[in-house]
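Q: Here is what each chain is made of, one letter per residue.
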Amino acid sequence: QKEVEQDPGPLSVPEGAIVSLNCTYSNSAFQYFMWYRQYSRKGPELLMYTYSSGNKEDGRFTAQVDKSSKYISLFIRDSQPSDSATYLCAMSPVTAAGNKLTFGGGTRVLVKP
Amino acid sequence: SAVISQKPSRDICQRGTSLTIQCQVDSQVTMMFWYRQQPGQSLTLIATANQGSEATYESGFVIDKFPISRPNLTFSTLTVSNMSPEDSSIYLCSVGSSGDQPQHFGDGTRLSIL
Chain D
1 QKEVEQDPGP LSVPEGAIVS LNCTYSNSAF QYFMWYRQYS RKGPELLMYT YSSGNKEDGR
61 FTAQVDKSSK YISLFIRDSQ PSDSATYLCA MSPVTAAGNK LTFGGGTRVL VKP
Chain B
1001 SAVISQKPSR DICQRGTSLT IQCQVDSQVT MMFWYRQQPG QSLTLIATAN QGSEATYESG
1061 FVIDKFPISR PNLTFSTLTV SNMSPEDSSI YLCSVGSSGD QPQHFGDGTR LSIL
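Chains as they are written, first to last, in the working numbering: chain D, 1 to 113; chain B, 1001 to 1114.
Check each hint, because a few of them may be wrong.
[Claimed, not checked] Okay, the calculated bits of chain D under chain B, using three or more residues with CB under 8 Å as the criterion:
hint, segment
1, 16 to 24
2, 28 to 41
3, 58 to 72
[Said to hold, decoys possible] The list that follows gives simulated cross-link-like pairs (lysine-lysine, DSS-like), each with its CA atoms no further than 25 Å apart:
hint, chain 1, residue 1, chain 2, residue 2
4, D, K100, B, K1007
5, D, K112, D, K2
6, D, K56, B, K1007
7, D, K42, B, K1007
[Said to hold, decoys possible] Some residues of chain D that are not near chain B, with every Cβ distance over 12 Å (derived):
hint, residue
8, Q6
9, D78
10, P81
11, A90
Simulated from the structure, these hints should not be mistaken for laboratory data. Values in this document were obtained by computation on a predicted structure and should not be read as measured data. We treat Cβ as the ideally placed atom computed from N, Cα and C, and that holds for glycine.
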């Protein structure tokens, strides 16, 4: 069993819909949680970064962490065709800058005009 | 965030040869990492590039296959040695600048082995 599980998709939604993405994990030591967006032929781009449990909002993006359930989510409101990409969750047990990140397999999202 | 440049962006190589990938950052960073992203899969950490000392490798990765250098706080190289088709992957450099800030990635080197 992988340490971090993520549905590979593809997840297809109409423009303007809410995109809901999630990851589950098994290592209770994870404290730092990140969401990256990766366009084709590009490197991962950081979207959201949270520490421990709780919610964080940034524009159209909301990240949620439920450590008791070992479950994290990313919501994208008012989705646009430009949001079509692969979304990767990543986690670290200690400071995210200086430690190994463990990634989910990524969910491919397609937002249709 | 730091601007990270990787060279080459892509290459096609013959089996048995070696390729060195460069990662240049526009500012000094504390931590530099090398990840591999195999086709259709997620990112796996190869090693942490330590400035002035030997790199720290993850389980399943060895120095003879993936020698790494980090001569200063803005530059690192990863060499993929004695390549086989199984080494066909995207190799990504990431950097971390301070304790609570997340890592940022370069655009990667797309490597194909014939």
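Q: Against this structure, judge whether each hint is valid.
A: To see whether the hints hold, each was checked on the structure:
Beta-carbon proximity to chain B at under 8 Å applies to 0 residues in the segment 16 to 24 of chain D; the threshold of 3 is not reached and the given coverage is violated. Residues of the segment 28 to 41 of chain D with a Cβ under 8 Å from some Cβ of chain B number 4, which satisfies the need for three, so the listed coverage holds. Residues of the segment 58 to 72 of chain D lying with their CB closer than 8 Å to a CB of chain B number 0, which falls below the three-residue condition for coverage. Distance restraint check for K100(D) and K1007(B): the Cα-Cα separation of roughly 23 Å lies within the 25 Å cut-off, and the hinted pair is therefore satisfied.
The straight-line distance between the Cα atoms of K112(D) and K2(D) is roughly 31 Å, outside the 25 Å bound, and the hint therefore fails. Between K56(D) and K1007(B), the direct Cα distance comes to roughly 35 Å. Violation of the 25 Å bound is thereby established for this hinted pair. Distance restraint check for K42(D) and K1007(B): the Cα-Cα separation of roughly 13 Å lies within the 25 Å cut-off, and the hinted pair is therefore satisfied. A beta-carbon of chain B comes within 12 Å of the beta-carbon of Q6(D); the shortest separation is about 8 Å.
Even its closest Cβ contact with chain B, about 25 Å, leaves D78(D) beyond 12 Å, as expected for a residue assigned away from the interface. The beta carbon of P81(D) sits about 22 Å from the closest Cβ of chain B, which is more than 12 Å, so the claim that it is off the interface holds. For A90(D), the non-interface assignment is contradicted: its Cβ lies about 8 Å from the closest Cβ of chain B, within the 12 Å cut-off.
Violated hints for the displayed structure, listed by number in ascending order: 1, 3, 5, 6, 8 and 11.
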